[in-house]
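Chemist: As a plain string of letters, each chain reads:
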Amino acid sequence: MDLLADFFRQIAEDHPRWNFIWMYEPVQQGKVLSGIWMTIELSIACLALSMVIGVVGAFAQGSRNLILRSLVQGYIQFFRNTPPYVQLLFFYFALGQFTPTYSPDGWLEVPIISNVGWAIISLSFFAGAFNIEIFRAGIEAVPESTREASESLGFSRKQTYRYVVLPLALRVSLPALNNNLVNLVKTTTQAFGIAVPELLYQSVTIWNDYPSALYPTMLLVFVVYVILVGVLVMSMSHWERSMRIPGYGV
Amino acid sequence: MSGSSDKEPIVSIRDVHKYFGDLQVLKGVSFEVMKGEVVCIIGPSGSGKSTLIRCINALNDIQSGSIEVCGIDLTDPKLDRLALRKRVGMVFQQYNLFPHKTAMENIMMAPILVLKEKEDEVRQRARALMKRVRLEGKEDAYPGELSGGQQQRVAIARSLAMSPDVMLFDEVTAALDPETVKEVLVTIKELAQDGMTCILVTHEMGFAREVADHIYFTDNGIIVEHGPPATFFTDAKDPRTKEFLSQIL
Ligand SMILES: Nc1ncnc2c1ncn2[C@@H]1O[C@H](COP(=O)(O)OP(=O)(O)O)[C@@H](O)[C@H]1O
Ligand SMILES: [Mg+2]
Numbered sequence: 009m010d011l012l013a014d015f016f017r018q019i020a021e022d023h024p025r026w027n028f029i030w031m032y033e034p035v036q037q038g039k040v041l042s043g044i045w046m047t048i049e050l051s052i053a054c055l056a057l058s059m060v061i062g063v064v065g066a067f068a069q070g071s072r073n074l075i076l077r078s079l080v081q082g083y084i085q086f087f088r089n090t091p092p093y094v095q096l097l098f099f100y101f102a103l104g105q106f107t108p109t110y111s112p113d114g115w116l117e118v119p120i121i122s123n124v125g126w127a128i129i130s131l132s133f134f135a136g137a138f139n140i141e142i143f144r145a146g147i148e149a150v151p152e153s154t155r156e157a158s159e160s161l162g163f164s165r166k167q168t169y170r171y172v173v174l175p176l177a178l179r180v181s182l183p184a185l186n187n188n189l190v191n192l193v194k195t196t197t198q199a200f201g202i203a204v205p206e207l208l209y210q211s212v213t214i215w216n217d218y219p220s221a222l223y224p225t226m227l228l229v230f231v232v233y234v235i236l237v238g239v240l241v242m243s244m245s246h247w248e249r250s251m252r253i254p255g256y257g258v
Numbered sequence: 344m345s346g347s348s349d350k351e352p353i354v355s356i357r358d359v360h361k362y363f364g365d366l367q368v369l370k371g372v373s374f375e376v377m378k379g380e381v382v383c384i385i386g387p388s389g390s391g392k393s394t395l396i397r398c399i400n401a402l403n404d405i406q407s408g409s410i411e412v413c414g415i416d417l418t419d420p421k422l423d424r425l426a427l428r429k430r431v432g433m434v435f436q437q438y439n440l441f442p443h444k445t446a447m448e449n450i451m452m453a454p455i456l457v458l459k460e461k462e463d464e465v466r467q468r469a470r471a472l473m474k475r476v477r478l479e480g481k482e483d484a485y486p487g488e489l490s491g492g493q494q495q496r497v498a499i500a501r502s503l504a505m506s507p508d509v510m511l512f513d514e515v516t517a518a519l520d521p522e523t524v525k526e527v528l529v530t531i532k533e534l535a536q537d538g539m540t541c542i543l544v545t546h547e548m549g550f551a552r553e554v555a556d557h558i559y560f561t562d563n564g565i566i567v568e569h570g571p572p573a574t575f576f577t578d579a580k581d582p583r584t585k586e587f588l589s590q591i592l
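First to last, the sequence lines map onto chains W and B. Going by this note's numbering, the first sequence opens with residue 9, and the numbers climb by one from there. Going by this note's numbering, the second sequence opens with residue 344, and the numbers climb by one from there.
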């Protein structure tokens with residue numbers, strides 16, 4: 009380990025533009041690691057929440073209640089047609105003002121939703137709007153006759169959705185879902201804009217303090233995202249394979 | 344069953360009118376089906392046979408008239424569809440099995456989820472049903488791995504697992520190869536012989552003649568003619584019935 013640190017210290021001396029400072033300096037290393045961890049947490053939270061929004065929203069879209077349907081439609085239009093970065097700023101700066109605060113020590117006023125919380129909410133709502141559309145396309149691919157069969161067996165609408173429509177729709181939706189979730193992971197960098205200490209935020213503070221670390225740190229950001237997205241894509245295709253039905257087209 | 348209960352109607356349809364938008368599909372249809380009876384509905388394509396049979400388990404609503412099934416009034420605005428569908432099984436032309444579930448799972452789902460029965464008991468019953476429709480050994484096959492005839496027999500078993508009082512069949516052999524039609528018809532015939540009340544839309548005249556207690560001929564949204572098979576096929580009076588029979592027999 010020391011050998012490795014010495015090696016990178018040497019590189020930084022020999023090549024002033026290639027200061028891999030986080031390979032030998034514990035403080036910077038800590039920033040990078042906590043940044044990567046925050047990016048992973050953000051990604052997982054947003055993936056999960058946006059999928060829930062997609063599943064629930066697509067179900068609500070098939071409701072007989074016109075008001076509910078219009079609400080979902082309005083939500084989709086808003087989040088799909090405006091920039092996610094503006095949404096994030098809006099959530100944090102505009103809505104953030106109205107969130108109640110609590111006081112842990114009697115002095116500080118801490119909002120109950122932190123900037124991390126707002127980032128998760130905002131990004132999940134953004135990706136969730138697309139997930140609803142993606143699931144809806146999958147749901148429309150499930151034949152009406154399959155739904156009728158389940159209805160005539162006495163399944164309620166919820167049971168039909170959960171046990172018949174959704175599992176089939178999901179299989180159709182997976183490729184498009186895959187794309188959207190990959191985009192979501194990459195979009196988490198925008199949380200930078202409200203000072204969420206994720207990888208990009210930490211990286212920028214590093215290269216602001218140490219301009220010599222600019223190239224190596226940018227390289228690091230790229231590499232980390234290639235790996236993160238790679239892992240996501242691999243797990244998605246694993247999921248896709250595990251859901252394959254013998255003798256069934258999709 | 345006592346002799347008198349054989350005479351009580353389990354399905355009564357009175358003067359049913361059904362529209363799809365402006366299109367009137369049923370123009371005053373009435374008939375009754377007694378407990379244990381086998382009724383065949385025949386008629387040209389587009390005459391409203393599917394619509395009629397779908398009205399019997401409330402997959403279609405009606406605009407006027409009345410339908411009563413197992414004592415349940417289907418025109419009641421507060422109709423309990425679940426209660427109705429526990430009593431009425433339906434088998435479709437395109438089988439409509441759940442493609443992501445094995446044959447056994449297809450049969451077991453509704454009893455477990457709808458009737459809230461214990462999984463072990465349902466599994467036993469499902470195995471017995473697989474045997475009854477002669478599909479032993481195919482328990483773990485997915486629908487995509489089964490032939491049309493096999494899928495249709497799973498679909499029949501799936502409906503039977505709910506222990507319905509009435510079974511509806513809508514042209515269940517129309518999508519099958521001629522060789523496999525027979526295996527499905529045999530299954531239905533055995534069912535009928537066991538006393539199940541069956542309403543079938545079919546083009547299998549030989550089957551209808553052999554199994555049906557009563558045959559109804561529909562054309563253009565009305566019942567043109569009906570009777571027991573012995574007289575229906577030989578003494579048809581209406582020119583539309585005669586023409587249809589001459590084309591199909
Ligand atoms: N869901 C529907 N919406 C509009 N028209 C329909 C619908 N279902 C059936 N029809 C029409 O109703 C008529 C009767 O159809 P159907 O009951 O399927 O006849 P059959 O089963 O005797 O061939 C046809 O003209 C058909 O186009
Ligand atoms: Mg039809």
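Just so you know, not all the hints are guaranteed correct.
Straight-line C-alpha distance at most 25 Å; calculated DSS-like pairs for lysine-lysine [claimed, not checked]: (1) B:421 x W:166; (2) B:525 x B:474; (3) B:370 x B:525; (4) B:421 x B:444; (5) W:166 x B:532; (6) B:429 x W:166; (7) W:166 x B:459; (8) W:166 x B:444; (9) B:532 x B:474.
Not close to chain B: a few residues of chain W, all C-beta gaps over 10 Å, as computed [said to hold, decoys possible]: (10) 112; (11) 113; (12) 125; (13) 157; (14) 159; (15) 171; (16) 172; (17) 176; (18) 194; (19) 195; (20) 218; (21) 246.
Chain W is faced by these chain B residues, among others (derived, beta-carbon under 8 Å) [said to hold, decoys possible]: (22) 366; (23) 374; (24) 377; (25) 406; (26) 420; (27) 422; (28) 428; (29) 435; (30) 439; (31) 441; (32) 443; (33) 455; (34) 456; (35) 457; (36) 461; (37) 488.
The hints are simulated quantities; they were obtained by calculation from the structure and are not laboratory data. In this text the structure is predicted, and so the values were computed from the model without any measurement. Heads up, the beta-carbon is just placed ideally off N, CA and C, and yes, glycines get one too.
Chemist: Can we keep the residue 461 (chain B) interface hint, with Cβ of chain W closer than 8 Å?
Modeler: Nearest chain W Cβ about 17 Å off; hint violated.
Chemist: Measuring from the C-beta of residue 457 (chain B) to each C-beta in chain W, is the shortest one below 8 Å?
Modeler: holds, 4 Å
Chemist: Is the shortest C-beta separation between residue 422 (chain B) and chain W less than 8 Å?
Modeler: Nearest chain W Cβ about 13 Å off; hint violated.
Chemist: Would you mind confirming whether the straight-line C-alpha gap from residue 421 (chain B) to residue 166 (chain W) stays at or under 25 Å?
Modeler: Roughly 19 Å between the alpha carbons, so the hint for residue 421 (chain B) and residue 166 (chain W) holds.
Chemist: For residue 421 (chain B) and residue 444 (chain B), compute the direct alpha-carbon distance and say whether it is at most 25 Å.
Modeler: Measuring from Cα to Cα gives roughly 33 Å; hence the hint is violated.
Chemist: Could you grab the alpha-carbon distance between residue 166 (chain W) and residue 459 (chain B) and see if it respects the 25 Å cut-off?
Modeler: holds, 15 Å
Chemist: Just double-check residue 113 (chain W) for me: nearest Cβ-Cβ distance to chain B has to come out over 10 Å.
Modeler: The claim holds: residue 113 (chain W) sits with its nearest Cβ about 52 Å from chain B, beyond 10 Å.
Chemist: Would the hint on residue 443 (chain B) stand, with a C-beta cut-off of 8 Å toward chain W?
Modeler: holds, 5 Å
Chemist: May I ask you to check that residue 246 (chain W) keeps its beta-carbon over 10 Å from the closest beta-carbon of chain B?
Modeler: Check passes; 18 Å lies beyond 10 Å.
Chemist: Residue 525 (chain B) and residue 474 (chain B): Cα distance at most 25 Å?
Modeler: holds, 17 Å
Chemist: Please confirm whether residue 159 (chain W) is truly not at the interface, meaning its C-beta sits more than 10 Å away from all C-beta atoms of chain B.
Modeler: violated, 7 Å
Chemist: Compare the distance between the alpha carbons of residue 370 (chain B) and residue 525 (chain B) with 25 Å, and conclude whether the hinted pair is satisfied.
Modeler: Answer violated: residue 370 (chain B) to residue 525 (chain B) is near 34 Å, above 25 Å.
In terms of the numbered hints stated before, the structure departs from hints 3, 4, 5, 13, 14, 15, 16, 17, 22, 23, 24, 25, 26, 27, 33 and 36, listed from lowest to highest.
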